[in-house]
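Work out the full structure, taking the sequences as your base and the hints as a guide.
Single-letter residue listing:
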Amino acid sequence: MSGTFNILGVGILTWITFLPILGMIAILAIPSGKDEISRARSLNYFRYITLGITFIQLILTLVVYSGFNFSMPGINDASSMQFIERVTWISVTGLPMLGDLKIEYFLGIDGISMPMLLLTAIVSTLAVFASWGIKKAAKGYFAMYLLLVTGMMGVFVALDFFLFYVFWELMLLPMYFLIGIWGGPRKEYAAIKFFLYTLFGSVFMLLVMIALYFAVGSFNMFDMMDPSKFDQNSILAGFGTSWRYIAFAALFVGFAIKVPIVPFHTWLPDAHVEAPTAISVILAGVLLKMGTYGMIRIAWPMFPDAVQYFNWWIGLIGMVSIVYGALCALAQFSVGKRDLKKMIAYSSVSHMGYVMLGLAALNTEGVIGAIFQMFNHGTITAMLFMIVGVIYDRAHTRSLDDFGGMANKMPVYTAIMTIAFFAAIGLPGLSGFVSEALVFLGAFKTYPVLTVISGLGIILGAGYMLWALQKVFFGKLPERWSGPWDPTGKIYKNDDINYIELGGLVPLAIVVIYLGINPNPVIGMMTSSVNHFVELIRIGGNFAGM
Amino acid sequence: MYNAVVNELIGSLGLIKPELALLVTFVVVIIADLIFKNNKVNLGLSILGTIVSGIFLIGMSGTNTSAFANLIAVDPFSEFFKYLILISTLIVLVMSEFSEELHNRDVWMGEYYMLVLGMALGMFLLAGATNLIMIYLALETMSMSSYILSGYTKEIKRSSEASLKYVIFGSLSSGIMIYGMSILFGMTGSLDLYAIQSYLAANGFFQPAIFISGLMVIAGFAYKISAVPFHFWTPDVYEGSPITITAYLSVASKAAGFAVLVRFIKLTFFDAAGSSDESWIMMNSIPWDMVLAVLAVATMTLGNIVALWQSNVKRMLAYSSIAHAGYLLMGIVVMTNTGLMSILVYFFFYLLMNFGAFIVVMLFAHKIGSEEMDDYEGIGYQAPVLASLLTLFLVSLTGLPPTAGFIGKLVLFGAVLDSGWYWLAVIGVLNSVVSLYYYAKVVRNMWLRKVDNGKGTLKFSIQSQALVMVLGIPTLVFGLFFGPIMRWAEHSVRIFLGN
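Which chain is which? The protein sequence lines are A and B, in order. Quick note: the first sequence uses our numbering, first residue 583, plus one each step. Quick note: the second sequence uses our numbering, first residue 1144, plus one each step.
Please keep in mind that the hints were generated in silico from the structure rather than gathered at the bench. Note that the Cβ used here is the ideal one computed from N, Cα and C, for glycine as well. Nothing false has been slipped in among the hints.
Across the chosen pairs, the derived CB separations fall in these ranges:
#	chain 1	residue 1	chain 2	residue 2	range
1	B	D1595	A	T1070	19 to 25 Å
2	B	L1573	A	I1092	44 to 50 Å
3	A	R1120	B	A1344	55 to 61 Å
4	B	G1512	A	V917	43 to 49 Å
5	B	I1605	A	T1070	43 to 49 Å
6	A	G715	B	I1605	35 to 41 Å
7	B	Q1350	A	A819	37 to 43 Å
8	B	G1597	A	S824	55 to 61 Å
9	A	A819	B	G1157	50 to 56 Å
10	A	V917	B	I1616	48 to 54 Å
11	B	V1437	A	S824	25 to 31 Å
12	A	V592	B	K1297	57 to 63 Å
Here are a few chain B residues that face chain A, going by a calculated C-beta distance under 8 Å:
#	residue
13	D1561
14	L1579
15	Y1580
In the DMTMM-like style, the derived pairs of lysine to aspartate or glutamate whose C-alpha atoms are separated by at most 25 Å in a straight line are:
#	chain 1	residue 1	chain 2	residue 2
16	A	K919	A	E1061
17	B	K1180	B	E1243
18	A	K1072	B	D1595
19	B	K1593	A	E618
Listed below in structure tokens is the structure:
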């Protein structure tokens, strides 16, 4: 157990997770103000508290990163998890049948959670910049924002299934409010759709969690991954039984809805289109990763036999998501409102499909590619949504028809957007390329046909991304945008992107470019975990044939 | 012989001190009302009596015996329900003090307190009753008071209507129940549940008759817990009654109904020799578990689906309470002590969140004069504290962590899964997804519409907000630290099984 950091006697992961709650309490304690001036002052407090808290969180995460031991595998081995914090949370002994109920407050990280932790810290800090324009009920917004961040962080550090579930559900309510109050015209529909879909998935997860608890007698994830801990009379005992397949499928659906993969994806375009910019950024940047993270952390190591059994289908689902998502994105050019944001939302479905494909490869390249793709998709799509937000704030439209020739009007913006779009296409030299290449490399070894068909996704992706780029930036500037965005000069002094917006975008662009050239900082920390993971799933799965 | 009876009676009196305390208070309130003609005095005396009864109850903790020659059992199981009833009664009494609908009228309040106490007494007796006549009398004591109370604001048409409907449906189901009891009595020659059980165990009999009479008795209880298809009165009565009484009916009266339902099934129909804590075996292969499972599924599904269409918050909560009765029935279906424990845990949390929701609805109604969902638009920005608490209660009723409602569902579904009722658990969780939609509708109206409407804040008294806090804080805290409640429930699942 190396590198245990304490600050004021409290572990660093706890600080990272619960710091936002402290910020939330502070924000709730500050009055919103009665008149113009005090309202503006309070608004600034809210913004800076949120930025400050998320920034401290980022710093702490970097501290964790600096103390992180790259060679410890983790996954199903509690002793090689890092920064462990473990105390008994609830303990009731001698219950009839249930035996001793014990729930632990058990935090720790390994090579799978470390990239996610970094991603969450980066994205939630930078998304504050995208929240700068929020004025309506700002107190509630920033309070909910911080609560959401706690939920996300908690999911990535929890090692007790019960705790994981609490964090997983904790984030539903703030997300519901963030979409539902500060969203677009169909916000109510989008918010409740998100809520219902996710809850539908998570109640099945709940049932499996309870069943696993009865099988091993604790909520500890490591016990649930250890076949020797299973009670032989439990329905989940053994290997390759149909109950285990059913349990895996139920867990899978719970996580898949969050990813989301086709056919559970329909909440995503609605949520993205209606959500305010910063929330789209968080949604695409972090929330979707919780689905695939849950698969890697929970579903896969607990049911390796079922993974082997369903593996081809998982690959197929990945392929379908890639191609179908890309086709849907492309379709935005001809149907509906030709909404740029919706196009990007569908591109998320497609890009998360790569993660599924990489997981299905079940080899080191594929899984590293999958996890790296999670990280890259988080940063790249966060950029894309911020970019859409920038132009929407000015033009109050996102329709591709309304734009053209923006390159002259907004040169800096164009440069940033080009980086993001090329990264999303997977241009060599940018981070997206590395992860997609690894995914294809790994998946081709396992499922060549699926991989070749998935290749279509790249071509289609280049198609819609370049098309969108061309529509917005090149060609003739429409008459209506020929003047300045804001003739009074109160909100936007220049036509080009402003510093606050750049504050969110530039760090992400740096990350995307840097990791494109040198992916080792991220890949390095996950390698030993992924090796162990792949070995575990393969060996565990082989039991099924014995 | 004579001495034995007297000794038994005198000995038994010591076992019903909590009930006696309620009875004495009941009488004292009537007299005090005649002398002082002051509501505060009535209220104070009622609260005092309830607390005294609670002290007696604490003093008797752990008793596991039977009183009055097996008329009532005094055991940890009934004790748990008595605590629930007492807490509910206290909350209702305090809540009534804030209720404008009760006080803004020229009618004297004396008999209101008296009737609440009478109802509590009936429920106390019902929680322990082990004799068919005792069950019937206790049920009627409770019902009579509640009929009057639901029509207490009689000048409001809805309230009178509620009362009348309640009486009609109530008499019908009592009739069915007592008919079932008479068949049972006729076949077994006894009113005592223990004696009926040993008769059924020892003698051959006509099975369908047992089944039908049992069903008829259960119908009477199902009416009290508003299980489908005996729920028809619930929405109208809940909507029409004064909201204090609605809350009381939805928690305490339901608790008493569950207590007697569990006791009746466990004492009468189970096979004492073949059963253990881990599984109760029903005698004569009557599938009571399947009957109850069907009842549970019908109740929760209908409650949830109909709740989706409601536009009145009080009515929505009425249907939601039907749905919760359905979840709770699952705990009996599994026929294990774990199931029983999960019912107790769930009930305790249900008390907190349901009362909390009703109190906030009442306080809002005072300010906006309505219980319609549409009138809740933007209320979150006018009354942020109470609206946040109502949100908490609704989230808890949905069963999302980190609230107490989640723990209730976790334990309940745990018991169901553990006994192998997988399909029932799946239906249960799907139902809780459906329930999210209508609870979220209230949340949506409060927060998502008319955001920052600048209408100014609604002022609520500190005391009323404190009362809601008293329910809200445990709803959150028990969601995170539920150990004590589980331990308490675990100690309380022991039902007195007779001699």
